[in-house]
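Spelled out from the first residue to the last, the chains are:
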Amino acid sequence: MVDNTQAQAAPTAAPAQTGQTNTAPEFTPRHTTVPREVGEAVFDVETVSVAYGGAPALKEVSMRIPKGEITALIGPSGCGKSTMLRCLNRMNDLIDGASVSGRITYHGEDIYAEDVDPAEVRRRIGMVFQKPNPFAMSIYDNVAFGPKLHGMKSNLDDRVEKALRGAALWDEVKDKLNDQGHALSGGQQQRLCIARAIALEPDVILMDEPASALDPISTLAIEDLMRKLRGQYSIVIVTHNMQQAARISDRTAFFTVDMEQGVRVGELVEYDLTETVFTNASDQRTESYITGRFG
Amino acid sequence: MEDRACRRRRRAKTTTLTPETPPTFRPLGEIDAHTRRRKRRSQLFRYVLLVAMGLSLFPLVLILWTVVSNGIGAFGGEFLTQPEPPARREGGGYLNGIVGTLYMVGIATVLAVPLGVLAAVYLVEYGRGWFAGTVRFFTDVMTGVPSVFVGLFVYAALVRQFSFGTIMGAVGLAIMMLPIVVRSSEEMLKLVPEDQRAASAGLGARKWQTITKVVLPTAGPGIVTGSMLAVARAAGETAVLLLTALGSLQVVTAFSGVAQSSITLLIYQGAKQPFDPGKERAWAGAMLLMGIVFLLPFTARWITARRTR
Ligand SMILES: Nc1ncnc2c1ncn2[C@@H]1O[C@H](COP(=O)(O)OP(=O)(O)OP(=O)(O)O)[C@@H](O)[C@H]1O
Ligand SMILES: [Mg+2]
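As they're listed, the protein sequences go chains B and D. My numbering puts the first residue of the first sequence at 79, with every later residue one more than the last. My numbering puts the first residue of the second sequence at 216, with every later residue one more than the last.
In case anyone wonders, no lab produced these hints; they're calculated from the structure. The C-beta atom is built at its ideal place from N, Cα and C for all residues, glycine as well. Keep in mind that a hint or two might mislead.
As the list claims (entries may be wrong) - In silico DSS-like links for lysine-lysine, alpha-carbon gap of 27 Å or less:
no. : chain 1 : residue 1 : chain 2 : residue 2
1   : B       : Lys209    : D       : Lys428
2   : D       : Lys428    : B       : Lys231
3   : B       : Lys231    : D       : Lys422
4   : B       : Lys209    : B       : Lys254
Said to hold, decoys possible - Covered stretches of chain D (chain B as the covering partner; in silico rule of three or more C-beta atoms under 8 Å from a C-beta of chain B):
no. : segment
5   : 268 to 274
6   : 415 to 425
7   : 428 to 434
Required output: the full structure, derived from the provided sequences and hints.
Structure (structure tokens):
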């Protein structure tokens, strides 16, 4: 069942090297194993903590997310995977009472810097949600929404077609572009949402359990799509499906919930090549979770 | 004691684990007493609901019948094209009232709907803290304010300084419409799923872009329907207009300076008179007004259906 070929075929960006050559010397991750050296990072997360209305949800996470690869975030419910993902494109800003501390750089730029416009961050970094959420408009308008928003109005038809082809949906919808997005099946809707995201030509796509509402065949279609997008896009995916993480991701980050003075806080336990995490986890908690024995 | 409890528990356990009689197939037509009772109760409940509905529809049908049967006589082309003559005289129509109502309701709609929708957007999309709470509270209070008070307020605040007229009536009607528009729009905006806003924000839309491009179009049909309710309410308003528009026997097209008429004011005056021609025209006016109010929701549906297709 577990198909690891993809993970194995993934080019190991650089030989295992623990020296932190690219980052500031004061960056010493406390709660993570140091990931194998990431070649070029798209995100550099440094001691990021998140709290909702004062209640901590995620504690001092540090991880470098490589460019052009698929990074999976796994872990039990409530451990802060979605929270982590929302930090990466500043979606947490939209939640009342959410506060993010620490530093996240995107291609070396601090996305939480004063002069950074969150809308601009979200434009560069696409997001696909757990539940397919097409707009109440035609398929065409759904995909054209982002480009129109940002004044990319030339060759709109081509852009829409390219995005739909990119999301492996074109053949199914090319004759009904004016139909409502809601009229598609769940799996098609999710691919429409992916098309909508890639129409803006982001270089990163964040996916929060994109296949959790889908049947196995649609799930495989989405996974195939992700393999196709890999390389061109950097993908960060949250998933509860262990096989899925093993099948498609290059690296896996395992989060868990930690009780600290009676408060439940999410933390990053282990972050490494998917192969390593699944076959040779260095933390007991990771192994228990992956093999289905919960602490 | 303990022993017996223990044994009882054990016995209970064995019975649940291995039922003495294994479940058998029973034909669907074989109904036990309990199910039959349930079915009867369901039937009964349905009759109760049917009677309740009939009772609540009864006054409506009665009104419809009374208004139409009394009003049809004076209704016709002349009624729609002639102004009202003295109450004693036959013939003539409600043109002055029709023009006044169209004018005042039209202006009131232009004033109240955009303002009300904006207020609702504020309350739903930005409204946090005491200010939004205060706005919401006063909107609720305004919904319940008797229309005479609104009329008196406009009279004291504006009419005494300027004069009776179209604009004064429109302002009064707009005040009556505003809370309805705010409240109904607010409900419609709240119905727009949060994930639609998240999807829009995720594509780099700014808040105002999300509101104008996703939230308002999605809530649009509902907002139009709610606004039509407010328009219907304004079209049937009388007390406010008594103190702001006053009434007129001529067709008035001026916005201010001259007292204005309305269908409702003419009905009110016609019904007060002891003369039959005036009364008959009042019935016809009531019929006209009812027709307008009934047509508004259909208009709303027509507008929104054309927009979404
Ligand atoms: N909008 C929010 N407001 C308040 N608390 C929140 C919010 N979102 C998440 N939390 C809290 O933050 C913690 C982490 O939640 P998060 O949604 O990130 O978990 P998750 O790992 O994605 O879980 P799941 O696998 O169930 O989706 C939880 O304790 C949750 O209660
Ligand atoms: Mg989640």
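Quick one: which hint numbers does this structure break? Sort them smallest to largest.
Number 5 - this is the single hint that the structure violates.
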